[in-house]
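Peer 1: Can you make the complete structure from the sequences, with help from the hints?
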Amino acid sequence: MFNIDSGEFLVVAIAALIFIGPKDLPRAMHFVGKWVGKARAVGRQFRSGIDSMVREAELAELEKQWAAENERIMRQYPPQPLAAPDTVPAIEHVAQDPVSHEHVPHEGDVPVMTPQPEIHADPAPVEVSAPKPAANDSKPVPPASEVKP
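Read the sequence shown against this note's numbering and you will find it ends at 741, with the numbers running on by one and no gaps.
By construction, these hints were calculated from the structure, which means they are not laboratory data.
DMTMM-like, lysine to aspartate or glutamate: derived pairs with alpha carbons at most 25 Å apart: (1) 626 <-> 597; (2) 626 <-> 616; (3) 615 <-> 600.
Here are the simulated distance ranges between beta carbons: (4) 608 <-> 653: 48 to 58 Å; (5) 670 <-> 635: 49 to 59 Å; (6) 650 <-> 614: 50 to 60 Å; (7) 669 <-> 631: 56 to 66 Å; (8) 638 <-> 600: 24 to 34 Å; (9) 706 <-> 665: 50 to 60 Å; (10) 596 <-> 662: 53 to 63 Å; (11) 638 <-> 666: 35 to 45 Å.
For every residue, glycine included, the Cβ atom is placed at its ideal position computed from N, Cα and C.
Peer 2: Below, the structure is given as C-alpha coordinates:
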(Lines of atoms letter the chains of each structure in order from A; the text may use other names.)
(Lines give C-alpha, C1' and ligand atoms only; values in the text may rest on other atoms or scores of the structure.)
Protein backbone atom coordinates (compact mmCIF):
# COMPACT_ATOMS: atom_id res chain seq x y z
CA MET A 593 0.00 0.00 0.00
CA PHE A 594 2.70 2.49 0.97
CA ASN A 595 5.39 0.65 -1.01
CA ILE A 596 7.93 0.51 1.83
CA ASP A 597 10.72 -2.01 1.37
CA SER A 598 12.65 -3.71 4.19
CA GLY A 599 15.59 -1.23 4.19
CA GLU A 600 13.35 1.80 4.65
CA PHE A 601 11.36 -0.02 7.35
CA LEU A 602 14.59 -0.84 9.23
CA VAL A 603 15.66 2.85 9.17
CA VAL A 604 12.24 3.96 10.51
CA ALA A 605 12.35 1.29 13.27
CA ILE A 606 15.85 2.38 14.41
CA ALA A 607 14.84 6.07 14.38
CA ALA A 608 11.71 5.27 16.42
CA LEU A 609 13.76 3.28 18.94
CA ILE A 610 16.28 6.15 19.30
CA PHE A 611 13.80 9.07 19.49
CA ILE A 612 10.91 7.42 21.37
CA GLY A 613 12.92 5.05 23.54
CA PRO A 614 12.34 1.42 24.43
CA LYS A 615 10.06 2.31 27.35
CA ASP A 616 7.41 4.26 25.35
CA LEU A 617 7.78 2.37 22.04
CA PRO A 618 4.92 -0.17 22.71
CA ARG A 619 2.47 2.64 23.59
CA ALA A 620 3.50 4.61 20.49
CA MET A 621 3.08 1.54 18.27
CA HIS A 622 -0.39 1.00 19.78
CA PHE A 623 -1.28 4.63 18.98
CA VAL A 624 0.03 4.30 15.40
CA GLY A 625 -1.83 0.98 14.97
CA LYS A 626 -5.11 2.60 16.03
CA TRP A 627 -4.71 5.40 13.49
CA VAL A 628 -3.73 2.98 10.73
CA GLY A 629 -6.88 0.93 11.51
CA LYS A 630 -9.05 4.05 11.33
CA ALA A 631 -7.44 5.06 8.03
CA ARG A 632 -8.13 1.59 6.60
CA ALA A 633 -11.77 1.76 7.77
CA VAL A 634 -12.21 5.14 6.05
CA GLY A 635 -10.61 3.72 2.89
CA ARG A 636 -12.96 0.70 2.95
CA GLN A 637 -15.98 2.94 3.45
CA PHE A 638 -14.87 5.20 0.59
CA ARG A 639 -14.33 2.20 -1.69
CA SER A 640 -17.74 0.68 -0.84
CA GLY A 641 -19.40 4.06 -1.53
CA ILE A 642 -17.70 4.26 -4.93
CA ASP A 643 -18.68 0.65 -5.69
CA SER A 644 -22.33 1.30 -4.82
CA MET A 645 -22.37 4.41 -7.04
CA VAL A 646 -20.91 2.38 -9.93
CA ARG A 647 -23.54 -0.34 -9.39
CA GLU A 648 -26.35 2.23 -9.38
CA ALA A 649 -25.00 3.79 -12.58
CA GLU A 650 -24.82 0.36 -14.24
CA LEU A 651 -28.40 -0.41 -13.16
CA ALA A 652 -29.61 2.92 -14.53
CA GLU A 653 -27.85 2.19 -17.84
CA LEU A 654 -29.38 -1.30 -18.00
CA GLU A 655 -32.81 0.16 -17.26
CA LYS A 656 -32.40 2.67 -20.11
CA GLN A 657 -31.35 -0.13 -22.47
CA TRP A 658 -34.32 -2.23 -21.38
CA ALA A 659 -36.75 0.66 -21.92
CA ALA A 660 -35.30 1.34 -25.39
CA GLU A 661 -35.53 -2.34 -26.35
CA ASN A 662 -39.09 -2.54 -25.02
CA GLU A 663 -40.06 0.55 -27.04
CA ARG A 664 -38.50 -0.93 -30.19
CA ILE A 665 -40.42 -4.19 -29.73
CA MET A 666 -43.70 -2.35 -29.11
CA ARG A 667 -43.19 -0.31 -32.32
CA GLN A 668 -42.32 -3.44 -34.30
CA TYR A 669 -45.26 -5.47 -32.97
CA PRO A 670 -48.16 -3.13 -32.17
CA PRO A 671 -50.96 -4.58 -30.03
CA GLN A 672 -53.65 -6.33 -32.05
CA PRO A 673 -57.23 -4.99 -31.79
CA LEU A 674 -59.76 -7.16 -30.00
CA ALA A 675 -62.19 -9.38 -31.91
CA ALA A 676 -64.58 -7.56 -34.21
CA PRO A 677 -68.09 -7.03 -32.78
CA ASP A 678 -69.63 -8.81 -35.83
CA THR A 679 -68.93 -12.25 -34.35
CA VAL A 680 -70.56 -11.55 -30.98
CA PRO A 681 -74.23 -11.23 -32.18
CA ALA A 682 -74.09 -14.73 -33.67
CA ILE A 683 -73.33 -16.10 -30.25
CA GLU A 684 -76.11 -14.02 -28.70
CA HIS A 685 -78.50 -15.31 -31.39
CA VAL A 686 -77.73 -18.88 -30.39
CA ALA A 687 -78.28 -18.05 -26.74
CA GLN A 688 -81.69 -16.47 -27.50
CA ASP A 689 -83.05 -19.53 -29.35
CA PRO A 690 -85.52 -21.52 -27.27
CA VAL A 691 -84.08 -24.80 -26.15
CA SER A 692 -86.13 -27.89 -26.77
CA HIS A 693 -85.87 -30.51 -24.05
CA GLU A 694 -87.70 -33.11 -26.07
CA HIS A 695 -85.57 -35.74 -27.75
CA VAL A 696 -86.68 -36.73 -31.20
CA PRO A 697 -85.45 -40.26 -31.91
CA HIS A 698 -83.87 -40.94 -35.24
CA GLU A 699 -84.41 -44.09 -37.24
CA GLY A 700 -80.91 -45.33 -36.54
CA ASP A 701 -81.11 -44.77 -32.76
CA VAL A 702 -80.90 -48.06 -30.93
CA PRO A 703 -80.63 -48.17 -27.16
CA VAL A 704 -77.34 -49.49 -25.91
CA MET A 705 -77.73 -52.50 -23.62
CA THR A 706 -74.98 -53.42 -21.20
CA PRO A 707 -75.04 -56.68 -19.25
CA GLN A 708 -75.66 -56.46 -15.51
CA PRO A 709 -72.95 -57.92 -13.27
CA GLU A 710 -73.89 -61.13 -11.48
CA ILE A 711 -74.69 -60.76 -7.81
CA HIS A 712 -74.07 -63.71 -5.49
CA ALA A 713 -76.40 -64.06 -2.53
CA ASP A 714 -74.01 -65.95 -0.24
CA PRO A 715 -70.38 -65.01 -0.60
CA ALA A 716 -67.90 -67.75 0.19
CA PRO A 717 -66.79 -67.64 3.84
CA VAL A 718 -63.19 -66.71 4.45
CA GLU A 719 -61.32 -68.60 7.15
CA VAL A 720 -59.37 -66.44 9.52
CA SER A 721 -57.02 -68.33 11.79
CA ALA A 722 -54.99 -67.00 14.67
CA PRO A 723 -51.24 -67.43 14.38
CA LYS A 724 -49.90 -70.44 16.22
CA PRO A 725 -47.43 -69.88 19.04
CA ALA A 726 -43.85 -70.80 18.32
CA ALA A 727 -42.81 -74.24 19.49
CA ASN A 728 -40.46 -74.10 22.47
CA ASP A 729 -38.61 -77.34 23.09
CA SER A 730 -36.35 -76.05 25.87
CA LYS A 731 -37.18 -75.77 29.53
CA PRO A 732 -38.35 -72.44 30.92
CA VAL A 733 -35.68 -70.19 32.41
CA PRO A 734 -35.69 -70.37 36.22
CA PRO A 735 -36.05 -67.14 38.21
CA ALA A 736 -32.86 -65.38 39.27
CA SER A 737 -33.51 -66.14 42.94
CA GLU A 738 -33.33 -69.89 42.27
CA VAL A 739 -30.08 -69.80 40.28
CA LYS A 740 -27.03 -70.68 42.37
CA PRO A 741 -23.78 -68.88 41.64
